[in-house]
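2 protein chains.
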Amino acid sequence: MTIFVTGHKNPDTDSISSAIVYAYLKQQLGMDAQAIRLGEVQDETAFALSTFGFEAPQFVEKAGEAELILVDHNEFQQSIDGIEDARILEVVDHHRVANFETADPLYMRVEPVGCTATILLKLFKENNVEIPANIAGLMLSAIISDSLLFKSPTCTEQDIAAAKELETIAGVSAQEYGLDMLKAGADLSKKTLEE
Amino acid sequence: MTIFVTGHKNPDTDSISSAIVYAYLKQQLGMDAQAIRLGEVQDETAFALSTFGFEAPQFVEKAGEAELILVDHNEFQQSIDGIEDARILEVVDHHRVANFETADPLYMRVEPVGCTATILLKLFKENNVEIPANIAGLMLSAIISDSLLFKSPTCTEQDIAAAKELETIAGVSAQEYGLDMLKAGADLSKKTLEE
Ligand SMILES: [Mn+2]
Ligand SMILES: [Mn+2]
Ligand SMILES: [Mn+2]
Ligand SMILES: [Mn+2]
Numbered sequence: 001m002t003i004f005v006t007g008h009k010n011p012d013t014d015s016i017s018s019a020i021v022y023a024y025l026k027q028q029l030g031m032d033a034q035a036i037r038l039g040e041v042q043d044e045t046a047f048a049l050s051t052f053g054f055e056a057p058q059f060v061e062k063a064g065e066a067e068l069i070l071v072d073h074n075e076f077q078q079s080i081d082g083i084e085d086a087r088i089l090e091v092v093d094h095h096r097v098a099n100f101e102t103a104d105p106l107y108m109r110v111e112p113v114g115c116t117a118t119i120l121l122k123l124f125k126e127n128n129v130e131i132p133a134n135i136a137g138l139m140l141s142a143i144i145s146d147s148l149l150f151k152s153p154t155c156t157e158q159d160i161a162a163a164k165e166l167e168t169i170a171g172v173s174a175q176e177y178g179l180d181m182l183k184a185g186a187d188l189s190k191k192t193l194e195e
Numbered sequence: 001m002t003i004f005v006t007g008h009k010n011p012d013t014d015s016i017s018s019a020i021v022y023a024y025l026k027q028q029l030g031m032d033a034q035a036i037r038l039g040e041v042q043d044e045t046a047f048a049l050s051t052f053g054f055e056a057p058q059f060v061e062k063a064g065e066a067e068l069i070l071v072d073h074n075e076f077q078q079s080i081d082g083i084e085d086a087r088i089l090e091v092v093d094h095h096r097v098a099n100f101e102t103a104d105p106l107y108m109r110v111e112p113v114g115c116t117a118t119i120l121l122k123l124f125k126e127n128n129v130e131i132p133a134n135i136a137g138l139m140l141s142a143i144i145s146d147s148l149l150f151k152s153p154t155c156t157e158q159d160i161a162a163a164k165e166l167e168t169i170a171g172v173s174a175q176e177y178g179l180d181m182l183k184a185g186a187d188l189s190k191k192t193l194e195e
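Chains as they are written, first to last, in our numbering: chain A, 1 to 195; chain B, 1 to 195.
In case anyone wonders, no lab produced these hints; they're calculated from the structure. A portion of the hints provided could be inaccurate.
The list makes no distinction among identical chains, and a pair is therefore deemed to hold if it is satisfied within one copy or across any two copies.
To be verified - Okay, derived cross-link-like pairs now, DSBU-like style, lysine-lysine, Cα gap no bigger than 35 Å in a straight line:
{"id": "1", "residue 1": "K122", "residue 2": "K151"}
{"id": "2", "residue 1": "K164", "residue 2": "K62"}
{"id": "3", "residue 1": "K183", "residue 2": "K9"}
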């Protein structure tokens, strides 16, 4: 059975990237994993996806009887509709834990860092899986997005160190690429009044 | 401020051992950590403590304003009284997650294995901290206890592999020592009618 890897509703760049990246890692480890998304891809994220050659994950509305891996969130109200009835196999996240429960033991990796991708970098290393350049690019995009190019108060030493490593693998400059990506997200010409 | 490391109420050998062991690891990493316990030490656990030369952790009844690390549990009703008002810095556990929440991001390491000590072994390695023989002995005791000497259906390949490693470091035979420990816990002469 396919196991779906999903970020939160109103997905940001970390939620989309980490779903793709962790599904990739799980595939390398032999799991039939597939990234999904719970909402529209934002302009910033679309820029990251197209720079590194990825399609947006499939949009899914309801959990059904799926087996799930949650990334970048754990609270049920931020997750896929119907999650109460789904089986949650894993969580990889960097937020507080609340409004979350499982019936069975699971793998849960929550760390007080600035971005899910920073934790995913550890998981690649722990599992001895090589990180391709484009996957590194997505992870770097997530860290730049969550840390606002390392300026957010939630950004930790670990996020900065992870970004340095990923920069080298991805073959881009975090500062240059990061500014372009954040600009793509801030492009006011496309925004509606509501935003 | 001292950070208290605690297992669950009605502590078993994993809860007592993992509190002592994780407090030790945290001390090696520079944290002012201290193991505590939330109830009486059982005979089986007393046998493990005395074999490897440890005192029982201090008994504590209420959380107060403490900073806490939870091992071998996460559900609040199994934890220290007043935990709702405490600050939970970390959780290392192998049970389902439920009835648990924090106000802030934390470190949470939950894995679907048979014993907390199996996860702690990974944390020693990830942090490059050497495991002294007596600490290995406590970890081995926890795995033997939770897995009923590798016979419980909750026992995983990882628990068996961890026990093999710890056996060598501790310098005891899991089978021989394990039987003695389980026998110490099953000593009916000391049991009251209630038990
Ligand atoms: Mn997010
Ligand atoms: Mn995030
Ligand atoms: Mn226990
Ligand atoms: Mn246990």
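**OP:** With 35 Å as the alpha-carbon cut-off, assign the pair K122 and K151 to within, between, both or neither.
**Re:** both (22 Å within a copy, 33 Å between copies)
**OP:** Go through the copies and call it for K164 and K62: within, between, both or neither, with a Cα cutoff of 35 Å.
**Re:** neither (37 Å within a copy, 44 Å between copies)
Original post:
Which holds for K183 with K9 at a C-alpha limit of 35 Å: within a copy, between copies, both or neither?
Top reply: Within. Shortest intra-copy distance 23 Å satisfies the 35 Å Cα cut-off; inter-copy 53 Å does not.
Hint 2 from the earlier list is the only one contradicted by this structure; the remaining hints agree with it.
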